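Enquirer: What follows is the residue order along each chain.
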Amino acid sequence: MFERFTRPARDAVTAAQTHATDLGHDRIGDDHLLLAISSGADSPAARALTEAGVDTAGLRAEIERAHGRLGEEDAEALSSLGIDLDAVRSRVEAVFGDGALDAGKPRRRFGGHIPFTKDAKKVLELALREAIRLDDRTIGTEHILLGILRAGGEGHAALRALGVDAAALRRTLERGEAA
Amino acid sequence: MTDAKDLAESAASADPSTGLRAALALRRLADSLERLQVANARRQGWAWQEIADALEVSRQAVHKKYAKEM
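As they're listed, the protein sequences go chains A and B.
Under full-length UniProt numbering, the residue at position 127 of the first sequence is numbered 127, and the numbers go up by one with no gaps.
Under full-length UniProt numbering, the residue at position 34 of the second sequence is numbered 34, and the numbers go up by one with no gaps.
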């Protein structure tokens, strides 16, 4: 199936794995695909995201929040209880290593591949269908993004949490196809 | 924020959004520490039953929650 993917689309799939491991997650989700498109090379899909008000840093923060990582807001709330999260984190990391508190699960340090989530696989299949529907011979990042919008998984949830108008974003992407 | 007055103000905050957010953060921290220490115990050869006893839950509960990821 990947032979029909454009170079940027393949790069996005590869980068999604890097984002997932960097964040300490043990699966590549459609949210990591979304992050890869947003942070990747300039493309119609990346521009559509920017136009829809998505910035990469905000998206990453939202994904971390959704995965239950302890973020800035948690640190603030804990300090209101007299708990210094940075102090807890540094004590834990002194014994168990960097990122131990946030990853929880032992980190895969030896370059192993991590699997895709069910939603991420569904998104890649939907990307193919979107390309067929739009009469495109190749599958680009815009088709992956359309797949993310259609799948209604974690990527879609992250966009919604950031206040993105999914219908408007879809129209922008489809208009780009026509042009 | 460690001063007693601030602490009393927020921990016992009459504003539910502040108090509930603190409870959520505390639960996330507790979940992270638990996951980390269950993995640590398993690496040190603890049986699921011993971990369950330490956490004061059933062996089934702790096994169901963590067995797959360890």
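Simulated from the structure, these hints should not be mistaken for laboratory data.
Errors might be hidden in some of the hints.
[Unchecked claim] Result set (SDA-like, lysine to any residue): computed pairs, CA atoms no more than 20 Å apart in a straight line:
hint	chain 1	residue 1	chain 2	residue 2
1	A	Lys118	B	Ala14
2	B	Lys65	A	Arg175
3	B	Lys68	A	Gly82
4	B	Lys68	A	Ala94
[To be verified] Calculated from the model, a selection of chain A residues having no Cβ within reach of chain B, i.e. all distances over 10 Å:
hint	residue
5	Thr14
6	Ser43
7	Pro44
8	Ala57
9	Arg60
10	Ala66
11	Ser80
12	Asp86
13	Ser90
14	Asp102
15	Ile114
16	Asp136
17	Thr138
18	Gly152
19	His156
20	Arg171
Remember, predicted model here, so these are calculated numbers, not experimental data.
The beta-carbon is built from N, C-alpha and C at its ideal position, and this holds for glycine as well.
Enquirer: Flag every earlier hint the structure violates by its number, smallest first.
Expert: Failing hints, ascending: 1, 2, 3, 4, 11, 14.
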